[in-house]
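Participant: The residues making up each chain are set out below.
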Amino acid sequence: MPARNLLIPTLSLLAWATAAGAQVVSRPLNADQVACEERQLERLVHRMVSGFDGSNLFVWRSAPGGGIYRGLASTSDVNSIEPDVRYRKEEQLAFDLIFSAGEDFLDPRRPRLPQATIVRRAAASNIHPVPAGRPYLGVWIDLAPEVPNPMLPKMPIRVTVEPAVGATDRASRGIAVGDFLSACHSEVTAFDLAVYQLLARTVRVSQCLSVGNCSAGLNRFKSTIFRGTEPLTYRLNVVDYLVACYDDGHCSYGEGRTAFLFRVQVDSEGRITGGTAEALPWCSVGSQIGCTNAGNPGFALFVLPPMTPGGPPQGEESFQRAAQLEIEFEGSERNILHAPINWVDLLQGTTWSGGLVP
Amino acid sequence: MTNLRLRLLNLAFLCPFVLYSTGSLAQIWGGEPTADVREEDPGSTEDPWTDDSESTLGQDLEPFMGDPIYLDDPAFYSADQIGQEPSYGYSAAAGPVRCTGYTGATVNPVRLSADSPRFLSYNATPRILIGASADAACHFVSTTTEPLKDKCQTDLVSPGTNARDFRSVLPALKASGLNKIRLWVALGHSKDAVNSPFAQEGGFYILSKKNQPYFDRLVAVVSKAKELDMFVEVTFFAPFEGGFFSSSPWSWNAGKSLAPEANGTLTQAGFTRDEFFVVKDTGVDAAKNERMRTYQKKVIEWTIEELWCYDNVFWEIANEPENQKVSPTFVTAWQKEMITEVVLRDKRPLLGRPHLIAVQPFTKKGATSLVADPRVSIVNGHYTQILTDRVVTMPAGALEQLDFGALQLVRRYGGLAKALGFNEGKITPYTLNAGPRRHLNGVLDTQSSLDAARAESLEFLFSLGGILDHWGYLSKGNLANPIVGKMRTQLSKMVTFMAGLPLAKLKTSATEGGNPPAWITSGLAKYPTSTASWDEVSDSQRFWAALQTDSSLAAGRLFLLYAHNSTRRCLNDQDFTKDGCPNTNSDPTLPPNRPYMAMGGYDARVWTPESGVRYTANFTVDLGPKVGTFDVTWLRPSDFQPLKQQVLVWRQSSCSVANCVTCTGPTGCTVAFPQGYDFDIILKISQRP
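Protein sequences, first through last, are from chains R and V.
First residue of the first sequence? That's 1 in the working numbering, and the numbers climb one at a time after it.
First residue of the second sequence? That's 1001 in the working numbering, and the numbers climb one at a time after it.
Be aware that one or more of the hints could be misleading.
[As the list claims (entries may be wrong)] Quick list of simulated restraints, FRET-style, between CB atoms:
1. R/Ala63 to V/Asp1373: 48 to 56 Å
2. R/Pro312 to V/Cys1660: 41 to 49 Å
3. V/Ser1246 to R/Ala63: 50 to 58 Å
4. R/Ser287 to V/Val1443: 48 to 56 Å
5. R/Ala31 to V/Asp1535: 52 to 60 Å
6. V/Gly1612 to R/Asp248: 33 to 41 Å
7. R/Glu316 to V/Cys1660: 36 to 44 Å
8. V/Asp1535 to R/Asn30: 52 to 60 Å
9. V/Asp1373 to R/Ser182: 49 to 57 Å
[To be verified] Simulated crosslink set (BS3-like; lysine-lysine; CA at most 27 Å straight-line):
10. V/Lys1476 to V/Lys1486
11. V/Lys1347 to V/Lys1297
12. V/Lys1151 to V/Lys1210
13. R/Lys89 to V/Lys1578
14. V/Lys1336 to V/Lys1209
15. R/Lys89 to V/Lys1526
Everything labelled a hint here was simulated from the structure, so no lab data went into it.
Built from N, CA and C at the ideal position, the CB exists for glycine as well.
Work out the full structure: start from the sequences and follow the hints.
Facilitator: Shown next as structure tokens:
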């Protein structure tokens, strides 16, 4: 079990300014701003897929202005081989995603089109050749105006762990259709962006370690990270997705959202000291946002100590320190919808424990 | 034989059956016993599994939430009745028993075993029910739109020459040792009037009127089953089966159905969409759609009216009501509403206890709610493992995945005190996506095979499944196929083997987490997921299930393991490899996609001796804290014949018998089968008396 009984410093929710220089750590937002960003990122992440069953992909807006996003994909092998001995091992692929208006000067006879560029952040990724036919990590984005099945993209851009596939760009009207250039708000601080990075490296979704197990197969997971309304609150929507194939030969793509809220607490030095993770309620109708519209998510969400990707796997000891949620289905007795996070313990031994923002 | 006749005579006074014959009621007193009627006094049979200790099984199972009326009580029966088969006291000569107007003895249907509610019990004897139903339609008549090719049916013209007529099929199943069939009553998408529960008048279906000839055929099949000592799962609804909703009596748009208003006027009736068959409508068409509940309940009323006096029957609410398009939560509510109707109708002065009720959820969500309903005694699953794409469901738009196959069911509910059934999987003797699949010596076998069907069946039974109805067709494209007979023989041997086990004392190690049973301390990996525990030589993973009695007892200990070496099934009949299912996006610039077959099954990886590839087993076992002498037997699952036998003396230092392994304990002892097997194997370790 996670070490939930450690003392979490009690701080006022309003203590979101560091002592040094009163630099703003996190600002309040209104509900419309949050909803706008949730919708925008949901449109974006619908177009995105990773290349690995069970993989975890994260994306967030990485600047106060519009059109600049950052993300992280992880193979996220989170399972157990021996009874009751869990492990996490993974490779990671970090990337920047930049949309720009009117950049396409290729054809002088047509109006300039918006363009997207995805660039692998090589220093933060595990790059290596992949033998033909073997599974490999990558990120694909479909820029087509309509995207019924992002696993079969019509206008893909991509980066992968293959050395040669580190950047792609492409012009498309789909960028305007998705409205990825605008900023729903500009209240994103350096601290917020650091928390996004932290969540992408510590939150892992696993079917295999959930109460429902993964004997029937593995979904893939892609998540959006954005700010909540209150300072120091962060939303994380996990979208599970899968192509299923039937006896008559047809296959179809489906996805569903499970919504989470993270609260973090900081001390006067700007260090994260504690926090909570909670699953937001199920939607009453499917079109709502700010809630879970996946009827039966069937996964566990862990907040684990950060690890060096491609390095030694984490073992049971890390899971003992982790926060864990279980989201089986609405009303399940097995659900764990709220958990404290002992960030001090999770970040122990890392340089991040000294504060996320220099 | 004299004693048997005496008992029959006594029973005749207890169980007179009233039969309907040529328009008059005739009371039949007993009848000739079938060959299967047991002559032995059950009490005098030496049971090697009996010991003086209290059974701990009940402590291992979750509390049974059902009313005791669903549990079998041996004290309820006279000594003569105990262990008797359904045909006991039944006369086939007089024709089917008609429940309408029945005035015979009190009827006490098959129910759950009080000693082990994982199994059904008839006349105070736990039963393993195993059948091979082909689309559950022995009472249906062949039509142009549904010719019932390869399927059981009722031939109205020349039944004597039609091998698919139920009067031929059921005896053949019985002769193969099978004891269970399944029948669907109302198909939501069928357009054939002859196979509809509703009568037609003036070219319209009258939803308030029973199609009596249809129900007569249903009764005839159930009666034949009773005559043959077979049990019948009667499924009221198959909401999404039949293929022609837009032309069916259930469809509003078909314009073929009328139903009476309060003043008796007949007006158009039907569901505006097929989803409303199982989902409550609160929208603009609610009046139309909710009006149809009355006629769903009519189907239940009519079916029970015709079949309540059969004690070899249990009810199933619906076949696959949770199709992908509907919310499991709403379907569960509908199933419960139908259960309420069943309970209401299944009460008669001469019905001693109600018939059992089964449900078939396709989601964990649906199962959880239904399992908690005390009126539900049996939970059925279909296919091995299921995971579908997430789909917007009616009515609220939640995005749902089907996530619950039969093997997931038994692994989730290893400790549940209700019976679990498996009544649809891959079809024998079919091939490709619909049929079982195997590789023989590394090469895909394109012919019909049964290894994968055996594997899913035995894995289910060794997880304490109590009812198995293999989806077995009678032929393949109207052509006889040897696999049909072989599959029946296979199933028959399963019945015999399982029936020989101390059912009431068994428990399973099945869990969702997949940890090996505690009595195997090493040598058996976790139940595989994804590509875990992949064997590079045989291109397979070892799936397994285990049963045991209480290992802490001094006597009567039994340990059983079934293991098969298979893979999961992939899209379009492609091979699962060490990397999982093949990448369907061959363009390297597209994201890899490796989809499983959503409605899962196994691909058996069979290697014969000439291939040089052999499966072996080597386990360390812990047989409990007390000493004992055990027979260790490795069995070939295809015929349950021993491949290797040894004696193991447990926690003792010496042994005087031949071929004996001494195990001083307490750290465990190795049992091994290094000789090699082809595909699957059973390890049976049984304590000597």
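Participant: Checking against the hints above, which ones are violated?
Facilitator: none
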